[in-house]
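Here are the chains, one letter per residue:
There are 2 protein chains.
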Amino acid sequence: MKPWENPTVVGKPLPRVDGNERAGGTARYTMDVRLPRMLHAAILRSPHANAIVKKVDTSEAEKMPGVRAVISMNDPEGKAPWAIHPGTRKPVSQIFDPHCRYQGEEIAAVAAETQQQAWDAVRAIRVEYEVLPHVVDPEEAIKPDAPKVWEEGNQPWPPAKYSRGDVDKGFAEADVVVEHTFRTICQIHTPTELHGSVARWRGNRLQVWDTTQGVFAIQRGLAEWFKLPLADVRVIGPYMGGGFGSKLELGKYTVIAAMLARRTKRPVKLFLTREESFLCVGNRPPHILTVKIGAKKDGTLTAIDYRGLGTFGAYPNWTTTDYQARDLYKCPNVRSEERQVYVNTGTARPFRAPGFPQCNWALEQTMDALAEKLGMDPVELRLRNVPTVSQAEGNKPYSTTGLAECLRRGAEEFGWKEARARAKSDGPVVRGVGVAAGLWGYAGGPPSTVIVKLYPDGSANINMGAADLGTGTKTVMTMIVAEELGVPVENISIEWADTGTTQYTEPSGGSKTVVSDGPPARDAAAEVRKQLFEMASEQLKVPASELALKDGKIIAGDRQVAMGEIRAFAEQQVIVGVGTRKPNPPDQVIHPFAVQFAEVEVNKRTGEMKVLRMLGAHDSGRAMNLLTYRNQVFGGMVMGIGFGATERRIMDASSGRVINANWHDYKLPTALDAPAEVACVPVDPKDESNNLGAKGLGEPATIPSASAVANAFYNATGVRITDAPMSTSNIVAALNAKGNRG
Amino acid sequence: MKPWENPTVVGKPLPRVDGNERAGGTARYTMDVRLPRMLHAAILRSPHANAIVKKVDTSEAEKMPGVRAVISMNDPEGKAPWAIHPGTRKPVSQIFDPHCRYQGEEIAAVAAETQQQAWDAVRAIRVEYEVLPHVVDPEEAIKPDAPKVWEEGNQPWPPAKYSRGDVDKGFAEADVVVEHTFRTICQIHTPTELHGSVARWRGNRLQVWDTTQGVFAIQRGLAEWFKLPLADVRVIGPYMGGGFGSKLELGKYTVIAAMLARRTKRPVKLFLTREESFLCVGNRPPHILTVKIGAKKDGTLTAIDYRGLGTFGAYPNWTTTDYQARDLYKCPNVRSEERQVYVNTGTARPFRAPGFPQCNWALEQTMDALAEKLGMDPVELRLRNVPTVSQAEGNKPYSTTGLAECLRRGAEEFGWKEARARAKSDGPVVRGVGVAAGLWGYAGGPPSTVIVKLYPDGSANINMGAADLGTGTKTVMTMIVAEELGVPVENISIEWADTGTTQYTEPSGGSKTVVSDGPPARDAAAEVRKQLFEMASEQLKVPASELALKDGKIIAGDRQVAMGEIRAFAEQQVIVGVGTRKPNPPDQVIHPFAVQFAEVEVNKRTGEMKVLRMLGAHDSGRAMNLLTYRNQVFGGMVMGIGFGATERRIMDASSGRVINANWHDYKLPTALDAPAEVACVPVDPKDESNNLGAKGLGEPATIPSASAVANAFYNATGVRITDAPMSTSNIVAALNAKGNRG
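Top line first, the protein sequences correspond to chains A and B. Just so it is clear: in the first sequence, position 255 is 255 by the working numbering, and no numbers are missing. Just so it is clear: in the second sequence, position 413 is 1155 by the working numbering, and no numbers are missing.
Next comes chain A alone, as it looks inside the complex (with noise of 0.2 Å):
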């Protein structure tokens, strides 16, 4: 089935079909379940960055008032195995593990009548700890004299290396070569909604609410865990406050609240303060890295050489950075190599385009660098080196490419031209603009299964696995269904994420939910369609092909029908479509493109930046939602700006602890940090490589954000912040640095 080719209701500015509930306080999140007889749980967790558990003594804390039960490794199941090596597949730690690799890790449990005295009990296990040596610090933990995490070394595995061409060729052919090295922070996810967990069992069948951005992944990791069918265990994600990547995966605490429940025949709530999620529930972590890039005086690529330094904290996990500088722009000649080191801090977790913004940060600043070398326009420079394949793929083609059309419609609607042209570099008070482009890698596919039924009122029902993070599935997932069986949005309702009343889907994350679950959605209602006209052709004399839908009414040529008084569907009720997500064509590269340009004003004296506007051109395929769009382009913008300017993940590095693990010390942008004045541009190139024509957004809207403005920042400066974050002290000692304080 081809995209659609004049919609009606699809790329309309649709308002959140659950933005009543969500805004009125009604919607029920995981946090509001209350089941009878429910216990409260809390975690004891390692104060230390690096030590060995010698002793747990939770005898005293077994005392305590409405105690029902304490878990750690002195029992069993607190020995159960935890971590997975993504290289061996093997466990790596237990539950309730002897070394705890990182301050926050677990160490014991409570499940208690209310949850101060789950925390009072908590306070009451002693600990012996042998207290080891640690190291945080990537450039430290790569030392060969450095605290070793792991007995094996820091370094899990060699460097990660990519070529193509002859990079040295490359750079020999270049007329110009630029090189830096950056450093990004480590950014934690805190989503508004906490982590958190309610499990109850009936018999050996488990049910568990979960703030989860995959509840098939929850399902699946319990159902192994407790060696449990699928179809005993029941996973539900009720409204979900954001995950950002942080949700994606089973969560200790998950399986805790399961074994608390198991073990005290209740149900238990688990729920991680927002404290511990600092700690324990994922980041971004910090790269180094270093882009050498080369080019002919036109500005013809020559070569690229990315080199990067990463962690994933403690545990192992997966990590790369380097696809943009792959893929983003035509260039013969690229080697990448990126080592991963061990250090004593929470293990990452995918964040909204996992590496990709650290790639960015580096690879678009730099481009910044060699335009200026070039003396170039930087959208000119990007418009040269727009790739029509895939390199970083095969050289397979893009299913479509809006890269250019990103940069030429962005740099106009923007006023790019005006806007550099009229650029202030004297005084104290200064102003610049930047660009920065980025691409995102996936663009969803199977599996997903979607069922839509239809009721003989024209009214509908849509049922799909995945949950909505906040970010507008639902609204999509009904424009698609309305769209397609010409009923009225107002008349479809919608059911989602429960594992017991929906079908399989990945989880939300990657820019792949509409892109996976609206395809399938489609289907589904076109298969409601088809039988809706079998029946109605046989009725009315018409052929099926002459049949249409329109307000929830048949149309037949003249007449229009009501659905209930199709006889054979009033005789069945509803009429069922099941769709089920078909590959993605295989001879073709997915991949949505992003253009931002940002406006900045750089007070010399004081190092405050404001972001005075930015523009974010998108080609992200068919806006399905202009209003979500907007949404998700302005968030992604403003949460690029904490990435680059005022976020960072603080490590002490004597005691190896976090010392801004809360909301107050830990400086997400607020409303006074966005910028004053947004704009969006959705490109549209008319992708047809599933039937929606719609390439994935969540991603690509975070990833150039935090270079265009560190580039408007040079623009306004002259001086180039390689280290983020752009904060009021780090601006300071940069034009120190340079002399230049206006």
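Since the hints were made in silico from the structure, they are not lab data. No residue lacks a Cβ here, since even glycine has one placed at the ideal position from N, Cα and C. Incorrect hints may appear among the rest.
[Said to hold, decoys possible] Label pairs and their calculated CB-CB ranges:
| no. | chain 1 | residue 1 | chain 2 | residue 2 | range |
| --- | --- | --- | --- | --- | --- |
| 1 | A | GLU62 | B | GLY1306 | 40 to 46 Å |
| 2 | A | GLY564 | B | ASN762 | 38 to 44 Å |
| 3 | A | GLU571 | B | PRO807 | 27 to 33 Å |
| 4 | A | LEU672 | B | GLY945 | 29 to 35 Å |
Given the structure of chain A, go ahead and fit chain B onto it with the hints provided.
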């Protein structure tokens, strides 16, 4: 699809799949639903059998502590139309009607912070009544000068008449004619679970948890009531604690709960008390029935004349009782005439086999009397008149009839001849045996849609719209899918009765749940199997026709392949099958048949009757689960003993009030009233009218029970109790009348 020939799961005596939670207290019934900020509601009801409400003063109630809303006929929504006339389809009353036509009719409702506050406020409502004369006895109500329940008179429509052949000629040809007049009591449903609802609005969407036998009926009723699309009304049926027909339709309490929730913008729980449930959620109304049967000397029936006077209380409702008189026995000449009359009592609702036990009580006692007069064994008399076609349905053939086999095998297993021979009628303590046959007139059909899902670990999920009233539906549905998919029963989970997540089916009632919802469940599972085999066939290079399923594995010759090893399945993660109930064969009549035997001991001095033992021989087609089958039969027998011997709503003629509206004074049979010995003989004539071979069991199990006991009483005492109940006092009176106290 033909019924299975050699099932391995179906037919076995499997304990209920939800037995643990039901017995262990973790099952969540509607009464257990507690929502944040939920209000509690109570209803003020008329204490009078017939009165005009002149004025309702709620001013004091509104000021009571905790009260959040009071509604009455003073409010616009209180004037909304309610009861619908089944003939004219027009509303005949309003929610809070100024004319209360029976004790218990609704006058006002209160929502308050606590249940106690709601009741306190109800008591503070001041009502001015104009009390009118009333009539509660049908035989009084039909007299010309009786108080009028409705202005247009107490007979809502002309008598319902049926006739075939020439009845007068039939009686003229008869060698023997018997005639008796019978009275049956008014039986109250009183399921263990009370009637109630929890209603919550979110914007314009209404969600209701309801004690209902059919969530889709409630959904439709609420959608019509509140003028909402079906998709915006979600009705959830949690675990059910019995309904017996009293929970088939939308209750006024449900609408009131939703009204109060809309008014207060808070969730509202409204449960009736046990006492209220005796007044206003239905009953099996009393009947006065006269049966006259003529027969040849050899027992061949020549004519049946059936006359009835019934009631449905104060509001019109469908009810005729004569179906068995028309169709149970071969008889060329049958005439029936049934009159209905209004009385000032609560309205009838369908009650397990509505009309059938009443008719059976009269018909089967008359057959017993006929056998005696003919000098024939009552089993023989019935065997002589077994029909092969449905005379009530245009002489269409039965799909199958096991009536003769029920009579023969039942008599054999009961030891009928021996027991009859040893019947003892002298002395103060006498013994006797009785038999009665019956049939049930419905056998399910469309609409019903069931979805089955299979997971790669070989576990499965059933998604059905039906409730499980306590009858074992979930267990039987699980067995059907286990049979079809070769998956262990314990690896199948089930979702039910939720209009948001399951598909349309008719309410569970009429013995048609398994026969309506079971066939599409099997079809859905077969569809899953077909899809799986297509995937497996391609991978294993074995034709689909040579594949089988067993223990959650695919059997391909010698190979046993785990389902998850089928790559196409693993890539899709779920296989979905949709089953839609096909119509029954149009050229057949599908009836379950029943024959029950009873042996009683009567102490003629005290009037005590003990039912020593009973046996039910049932042709309900295939016994889907031998354990729940027996449960149904034994439960039906005990309910029949209640109908014939212990239960009775007692109306006080002078006040028009129910004087035993509670479980203390209304005598439900207890374990001590149940037969000490029960047996069950499933007769399976291998029906092929649906793909299960089942015909339905719930109602036939109770239809002939009271009659069999009454006939046994006669056999023991020589006295026929025509007017139920066979209570101690009635027995003493009847024996006294015959001068037979032993």
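Hints and how they fare:
1. A:GLU62 - B:GLY1306: 40 to 46 Å: Since GLU62 of chain A and GLY1306 of chain B have Cβ atoms about 41 Å apart, the given range 40 to 46 Å holds.
2. A:GLY564 - B:ASN762: 38 to 44 Å: holds, 42 Å
3. A:GLU571 - B:PRO807: 27 to 33 Å: For GLU571 of chain A and PRO807 of chain B the Cβ distance comes to about 52 Å; the hint is violated.
4. A:LEU672 - B:GLY945: 29 to 35 Å: This hint holds: roughly 33 Å between Cβ atoms.
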